[in-house]
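J.: Produce the complete structure using the sequences and hints provided.
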Amino acid sequence: AQSVAQPEDQVNVAEGNPLTVKCTYSVSGNPYLFWYVQYPNRGLQFLLKYITGDNLVKGSYGFEAEFNKSQTSFHLKKPSALVSDSALYFCAAGSGGYQKVTFGTGTKLQVIP
Amino acid sequence: DAGVTQSPTHLIKTRGQQVTLRCSPKSGHDTVSWYQQALGQGPQFIFQYYEEEERQRGNFPDRFSGHQFPNYSSELNVNALLLGDSALYLCASGSGTGNNHEQYFGPGTRLTVT
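For the protein sequence lines, the chains are A and B, in the order given.
Per this note's numbering: the first sequence = residues 1065 to 1177.
Per this note's numbering: the second sequence = residues 6 to 119.
Hints should not be assumed to be uniformly reliable.
Just some of the chain A residues that point at chain B, by a computed CB distance under 7 Å [unchecked claim]:
| id | residue |
| --- | --- |
| 1 | Tyr1103 |
| 2 | Ala1151 |
| 3 | Gly1160 |
| 4 | Lys1164 |
| 5 | Phe1167 |
| 6 | Gly1168 |
| 7 | Thr1169 |
From the structure, some residues in chain A lie toward chain B, with a derived Cβ separation under 7 Å [stated by the list, open to error]:
| id | residue |
| --- | --- |
| 8 | Gly1107 |
| 9 | Phe1154 |
| 10 | Gly1170 |
Now the in silico label distances, taken between C-beta atoms and shown as ranges [claimed, not checked]:
| id | chain 1 | residue 1 | chain 2 | residue 2 | range |
| --- | --- | --- | --- | --- | --- |
| 11 | B | Arg20 | A | Leu1120 | 46 to 52 Å |
| 12 | A | Ser1090 | B | Arg27 | 33 to 39 Å |
| 13 | A | Gly1093 | B | Asn64 | 43 to 49 Å |
The hints are simulated quantities; they were obtained by calculation from the structure and are not laboratory data.
Glycine is no exception: its CB is placed at the ideal position from the N, C-alpha and C atoms.
T.: See the structure below:
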């Protein structure tokens, strides 16, 4: 069975500082991994994905994520946080040929001005 | 190019009633997946439709059923509603072939069961 863990319910960071939102996963076979962002009362917006290739994946709005196979992690990072980055972030993982993905419980990012 | 659309936006139902939610996929997509997101939780996979057939199913009871039409749009039906069915229901579309695995989500339908 697939599982995704986001160990932090909330991450607080000062504006301009680097941010990291953690994610670990467990899937059978080669994983494909995603990060999504959700603003209040909205659906999920795609940020980035890892399917194969370079371990460092660059995505929307200056976000990037590093795939670490040995640690089964896919942490989301941004060099300089903006107040507008404050939102709920979800990590998701899947494997196999279909698009069923398992989501983590989400991490609330609060960027403090 | 319209993205994934869902209707209605909000819905209030009473316990025991039945509800139908609708989803139109992004242009060019042929696969539709449905997710339930309870308050404070991550989305939970309900099922996925491809070529008008249910291709995968998560751990949801038979009260949850669906349909996909020839134009790839989809419906989610929930019978005998329970208070615990109150949630945001998200539809996601993608391509059924290839290795993209990327899904685009709609804005969701907020279902409240009283």
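J.: Any of the earlier hints contradicted here, and which numbers?
T.: Checked against the structure, the hints that fail are numbers 1, 2, 3 and 13, while the rest are satisfied.
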